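Novice: Starting from the known structure of chain A, fit chain B onto it as the hints suggest.
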Amino acid sequence: MASTVNDASPAVTQAPKRRRRRLGRLTKKEILVVLGMLAVPIVVDLAFVWGPAIASVVLSFFRWSGVGGLHPRACRPSGGLIQDNGCFTGVDNYHRAATNYPPFWPAVEHNVLWLLVFIVIATPLGMLFAVVIDRGIKGSRIYQSVLFLPVMLSLALIGIIWEFVYSPNYGLINTIIGHNQNDNLIDWLGNPHLNLWAVLVAATWRQAGYVMVLYLAGLKAADPALREAAQVDGANAWQTFWRVIFPTLRPINIVIIVVTVIESLRAFDLVYIVNKGSNGLELLSVLVTNNIVGETSQVGFGSALGVVLLVISLIPISIFLYQNFKRKEGR
Amino acid sequence: MAQSSTGSGPGAAGPAVSRRGLLRAAGIGAGALAVPALAAACSGDSGSGGTTKGGGSSSKITFGSNYSDPAPKQAFASLISAAKAKTGVTTKINTTDHNTFQNNITSYLQGTPDDLATWFAGYRMQYFANQGLLDPLDDVWDKIGGNFPDVAKNLSKGVDGHYYLVPIYNYPWVVHYNKSTFADKGYDVPKDWDSFIALCKQMKKDKIIPLAFADKDLWPALGMFDILNMRINGYDYHMKLMQNKAAYTDSEVTKVFDQWRELMPYLQSGANGRIWQDAAKTLEAKKAGMMFQGTNQVAAQYVTDKKDIKDLDFFAYPAINPSYGQDYMDAPADGFIMPKKAKNTAGAKKVLEYIGTKQAEIAYLKYDQWDVGLATDLVAPTYNDIQKKSATMIAQQKAVAQFGDRDTDPAMATALEQAIQKFIGDPTAGTISTIQQSLAKQAKSIFHS
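Chains as they are written, first to last, in full-length UniProt numbering: chain A, 1 to 331; chain B, 1 to 449.
So that you can see chain A by itself, here it is in the shape it has in the complex (with noise of 0.2 Å):
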């Protein structure tokens, strides 16, 4: 390879011509910049990102308290109240995850529901909120404000704000329909039957305004020109959005999936505040949480439904990769 100083000269002639060339011919200094911007992001991603997960992986085989060390020996049977710490389960903890541990099922139940209702109601709601905003209606900015202060706050804060519409004695909603009286009140939060649809109301009402605020912005960048265009050649409202526009929102379509599987997928905040994700409430996140945080916490049996839910999370992260390596490759 050339020295950098012979190389310098041909470099400055033939600028743009250079530019499509490999790594090889990149100069030294170019390959150290290049190395140092890429060592620290990746040094960041193992240490934050990449050595969590896997320590929560092997962890996952164990039985431990968080206090001392981890032994390679088999869990011994206690039989009474203080028990073997730190030794290895094997697959027990997912073992019994899956067979004895009554929230497991309804958890996963719950987090597909989750994210069903929020592809199925929440982002349709959010495009028409945008659509017919976007439509120039009168007063259009300040319904955009007001769909758009949910987001603005905390589901912790959101999940409070629901307790006193929903609390069953002094809430705004029995109070106002008389049905806060002992013998006929109705148990928003409570019911195992009622109290996931009454949070996800609270968490559509927060992520429609999301939804809008992302299509609105895909709506302000479609060309007029090709509205106009519609329009003379005699397509109605419906038609020009759906065979029109719609089309071209397909980035925005994409940032919207994945916003939705994201938040769906971490739902935690709203069923904590209501009731620590118990009696109907279950989430995956939740049940992590329970048992890893905490004085007494089983931190290998949280591990082992922390891998189970990144593993949930591979599969859309997996499809979306994939979709996205597959065009790039097709052009």
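In case anyone wonders, no lab produced these hints; they're calculated from the structure.
Take the hints with a grain of salt, since some may be wrong.
[Claimed, not checked] Facing chain A, from chain B, some residues (calculated, C-beta under 10 Å):
{"#": "1", "residue": "Gln126"}
{"#": "2", "residue": "Gly132"}
{"#": "3", "residue": "Leu133"}
{"#": "4", "residue": "His162"}
{"#": "5", "residue": "Glu252"}
{"#": "6", "residue": "Lys255"}
{"#": "7", "residue": "Gln259"}
{"#": "8", "residue": "Gln268"}
{"#": "9", "residue": "Lys441"}
[What the hints assert, rightly or not] Computed footprint of chain B on chain A, listed as stretches where at least three residues anywhere in the stretch have a Cβ under 8 Å from a Cβ of chain B:
{"#": "10", "stretch": "57-69"}
{"#": "11", "stretch": "133-140"}
{"#": "12", "stretch": "162-168"}
{"#": "13", "stretch": "292-302"}
Keep in mind it's a predicted model, so treat the numbers as computed, not measured.
Cβ atoms here follow ideal geometry from the backbone N, Cα and C, with glycine treated the same way.
Specialist: What follows is chain B alone, placed relative to chain A:
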């Protein structure tokens, strides 16, 4: 589970705060309360017999406190300034929000803990002592042992028989009522189950909810399970069940739930969606006739809501099985521990020796209207009627339990709490047998037996 972090803490309360968090309302945060630096007033007491680790001077210690809510914070400050006056040891209090303190206790004890810390009696202390995270306090107990009854001593011992805790107060779980309601309607305090049910029926006729009830926070109804179990099967069986030496599929447990079913029509409905503070408000408003919970919660709520605490009274849960009568109840105790990694153990032990006296408990109780001190025959001059009666009643017990989630493995307590919510939602014989089987299966895997 720990997270659920339900343990009994002292408590006054804002809405929607966990029991442990009661007095430490969220938002107080981890502020350090500096004790005014008084000139060290030397006491005539001899120093402690403990060893000094790490070469710390014996005149300065730090104290990790979870008494983060204003009232107990003030009470604790009063205790510490009294300790300084008596022992000459300057104490720096590091207050942490209650829930945060609880959730971090494992890493706290393994990291760089303070010389002393606030904690709970019974299994919750034994769990950490057993893992070598606490220092034994046997030499402290040699000096303060005479001040406490055996019940308090047993609560302060680890499974190895050494002492690991110096207790400060406890409070009973009892049935509360308003004196005025009972006087107006001519109700009598029920002593046994039949008169209890009869009273409930009468209240229902009088359009009063017999028992205010809430279980949104998961732990309050665990107290109901505890007391029914102790009334029907006795303290020994209750402890066996808690320690996995008896099975949840036992007919004894079925009896507990069957008895509960009988009471179900008289409990405030919709309990799974109600926080206990709201249940206490129905008692305050006299819409409900009675409420079974700790005085530490109900009386403290009366104080918080500025209701007439003089109208509040209570009685021990009615007897069910005549062979046990009213011999047992839940009376959770709180106290102080010394972490293994404490630096100034000599100074810390000096302070603990003071805390383990009647005078120290009185200094604390000056600002507390719902808990009672644990020292023998203690009647603090500041006690109100609730506290006087609590002290007498606890002293009469043959044994006291700590509370479901303090007497068993936290994971098991959570499983039981969730099973109870299921039972409350659908109190049928079918539910009972389903949850009994599920609990037995879970106990097997939680205890690895």
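Novice: All hints are to be evaluated individually against the structure, with a verdict given for each.
Specialist: Taking the hints in turn, this is what the structure says about them:
no.	hint	result
1	Gln126	holds (7 Å)
2	Gly132	holds (8 Å)
3	Leu133	holds (7 Å)
4	His162	violated (14 Å)
5	Glu252	violated (19 Å)
6	Lys255	violated (23 Å)
7	Gln259	violated (22 Å)
8	Gln268	holds (6 Å)
9	Lys441	holds (5 Å)
10	57-69	holds (count 5)
11	133-140	violated (count 0)
12	162-168	holds (count 4)
13	292-302	holds (count 8)
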